[in-house]
Amino acid sequence: MAMPDWLRRLREKDVSAEDAALWTKCPACGEMLYRKDLEANLSVCTKCGYHFRMNAYDRINTLVDADFVEIGMEYLPGDPLGWVDKRSYPEKLEADRVKSNLSEAVVTGFATLDGFPVALGVMDFNFRGGTMGTVVGERITNLLEEARKRKLPCIVFTASGGARMEEGMLALMQMAKTTQAVERFMSDGNFFVTVLTDPTTGGVSASFAFQSDIIVGEARASIGFAGRRVIEQTLRQKLPDNFQTAEFLLEKGHIDLVVPRAELRATLVRLLDYAVDRKRVAPALKAVPEFAQ
Amino acid sequence: MNVIVEREKGPLAELEARINALRERGSGDSSELEEKYRGLLTDLFGSLTPWERVNMARHPKRPLAGDYVDALDQFDELHGDRHFRDDRALVGGFAKLNGRRIVVLAQQKGRDTKENIKRNFGMVSPEGYRKAKRLIELASRLRLPIVTFVDTSGADPGIASEEHAQSEAIAACLVALSKATVPVVATIVGEGGSGGALAIALADRVIMAENAVYSVASPEGCAAILWGDAARAPEAAERLKLTSADLIGFGIVDRAIEEPLGGAHRDAPAFVASVLEAIDQELRVLEPRKPAELRDERYEKFRRIGAWEDDSRARLVTALP
Chain Y
21 MAMPDWLRRL
31 REKDVSAEDA
41 ALWTKCPACG
51 EMLYRKDLEA
61 NLSVCTKCGY
71 HFRMNAYDRI
81 NTLVDADFVE
91 IGMEYLPGDP
101 LGWVDKRSYP
111 EKLEADRVKS
121 NLSEAVVTGF
131 ATLDGFPVAL
141 GVMDFNFRGG
151 TMGTVVGERI
161 TNLLEEARKR
171 KLPCIVFTAS
181 GGARMEEGML
191 ALMQMAKTTQ
201 AVERFMSDGN
211 FFVTVLTDPT
221 TGGVSASFAF
231 QSDIIVGEAR
241 ASIGFAGRRV
251 IEQTLRQKLP
261 DNFQTAEFLL
271 EKGHIDLVVP
281 RAELRATLVR
291 LLDYAVDRKR
301 VAPALKAVPE
311 FAQ
Chain H
19 MNVIVEREKG
29 PLAELEARIN
39 ALRERGSGDS
49 SELEEKYRGL
59 LTDLFGSLTP
69 WERVNMARHP
79 KRPLAGDYVD
89 ALDQFDELHG
99 DRHFRDDRAL
109 VGGFAKLNGR
119 RIVVLAQQKG
129 RDTKENIKRN
139 FGMVSPEGYR
149 KAKRLIELAS
159 RLRLPIVTFV
169 DTSGADPGIA
179 SEEHAQSEAI
189 AACLVALSKA
199 TVPVVATIVG
209 EGGSGGALAI
219 ALADRVIMAE
229 NAVYSVASPE
239 GCAAILWGDA
249 ARAPEAAERL
259 KLTSADLIGF
269 GIVDRAIEEP
279 LGGAHRDAPA
289 FVASVLEAID
299 QELRVLEPRK
309 PAELRDERYE
319 KFRRIGAWED
329 DSRARLVTAL
339 P
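Chains as they are written, first to last, in the numbering used here: chain Y, 21 to 313; chain H, 19 to 339.
Treat the hints as calculated values from the structure; they're not laboratory data.
Predicted, not measured: the structure shown is a model, and the values here were computed from it.
Ideal Cβ positions, reconstructed from N, Cα and C, are used throughout, including at glycine.
Warning: the hint list may mix true and false statements.
For each label pair, taking beta carbons as the anchor points, the in silico distance ranges come out as [unchecked claim]:
#1 Thr-287/Y with Gly-98/H: 36 to 46 angstroms
#2 Asp-314/H with Pro-303/Y: 27 to 37 angstroms
#3 Asp-314/H with Pro-309/Y: 26 to 36 angstroms
#4 Asp-57/Y with Glu-155/H: 46 to 56 angstroms
#5 Ser-48/H with Ser-108/Y: 45 to 55 angstroms
#6 Ala-312/Y with Glu-155/H: 39 to 49 angstroms
#7 Thr-67/H with Ala-282/Y: 34 to 44 angstroms
#8 Arg-322/H with Ala-282/Y: 38 to 48 angstroms
#9 Asp-314/H with Leu-42/Y: 53 to 63 angstroms
Please take these sequences and the hints and turn them into a complete structure.
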């Protein structure tokens, strides 16, 4: 997939670093994968189908028609608790900014999918384990409020270890804040889809991830409330391999669909086609220059 | 081992015994001993660290949520999630507070091992949250205020809870509270552990007992997650900012109720009464409000909770009042 200009600009500085590592080992089957082949296959192992965790911008690139207009970048993390352990919280944030090339654990904005204008949020496990602090809460809430104003459908990809410890109760309260934004958005008759990717747990799982109209699980994603290790430690017993997988949740009736990464875009477009009147939502992004035709 | 219970042993227990003996005999003047006793209480409990408050919140004699429910004028329990079972860790039903009809929800721990097994140590399962959701919706339809008592180390993390969609149950309970068209007052009476506590605390007013704690994760859980060592819980408690004073500072809790020196259990009936009085006062303020006003104010209450840097990354912007 060709890299659009908006993504190239974001990526300029780390192309050389990416090239340095030409091969990646599949953690599931051990196969050595040529990085470019892996990227061309949407970061899914060409041998065994293992889904690597995806960077938010790469994910967006696999979904949108062309442009992606990011919103909410002005919300950046502070250090409300003055948290220090081995490193201070601002030091941890800075390290993750460098590592992930992200300003926080979620990227939000507008895009079109097969011509459908949508509000799109994508979480990224590479930034503080995708944990929800005040900025993730604020950006998700802001996305839902902006989508509600424009009567746009909203799609959020989740990937999260839960609430962010270093922001304490301010982080927990984001569950309440995002819940209320989801509730207002949906009560107005707008369409909300969540795609649960690996891993989706804790405070994100117990709020907006499971509050949508349609819940899609990405194939093989680990999804649950309590983390697998927490349960194993509490119960002192080993859990079956398929426990808390998307496939397990489908069987238990918790989610609507399990979809492999390669089919996600097409699935989302089909869902939008059923749920949303194309003519009605078409003008919604006219005011955004990138989408004005 | 509870550090507060340990501290209550020794000189304090001896003094208590001597005062009681003197009172029973009905002879002699105990006032000097009582003065000494008060002085000792102040020395021992006058200033508590966050970890000591965590232990106070878990004190075996601390009033439990059910003690507050028992002190209401009237209570009729309603059971079950209408799907699978009745979760005894979450008690709910119709009640009356100072003559006012309400719906009450309470997270109930046990006093002893036998009751703790029945109550699952106050850890609520999906069925409990579904019962709560049902009663929240009932309260909205009948226009009855909702009063909740929070006391849980966290939502149940077991295999069955995962199989029954714990995440969805909590998420749905939060939605029900955000839709509620009646006043909602939540009180953190002991431990407010994470999402399992918040599930019944998305409220118009959040009250907290002075020595209760309310945190994003239990100190043990936080220490295990961050440092792989649950034994560092006292250190996590220090960092998490989980005391009533901290949370009032953040605008997350509206009001703290002062406890007797040495903790709520030193005069449980009086403390329970003062909590119910505070709930009554808050309800009186909220009751005249129209459903839409209540919902809008509740939206704004949580909407503004956040702290982030502005564009310059220099100044901390806190969107609190």
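List, from low to high, the hint numbers that the structure doesn't satisfy. 7
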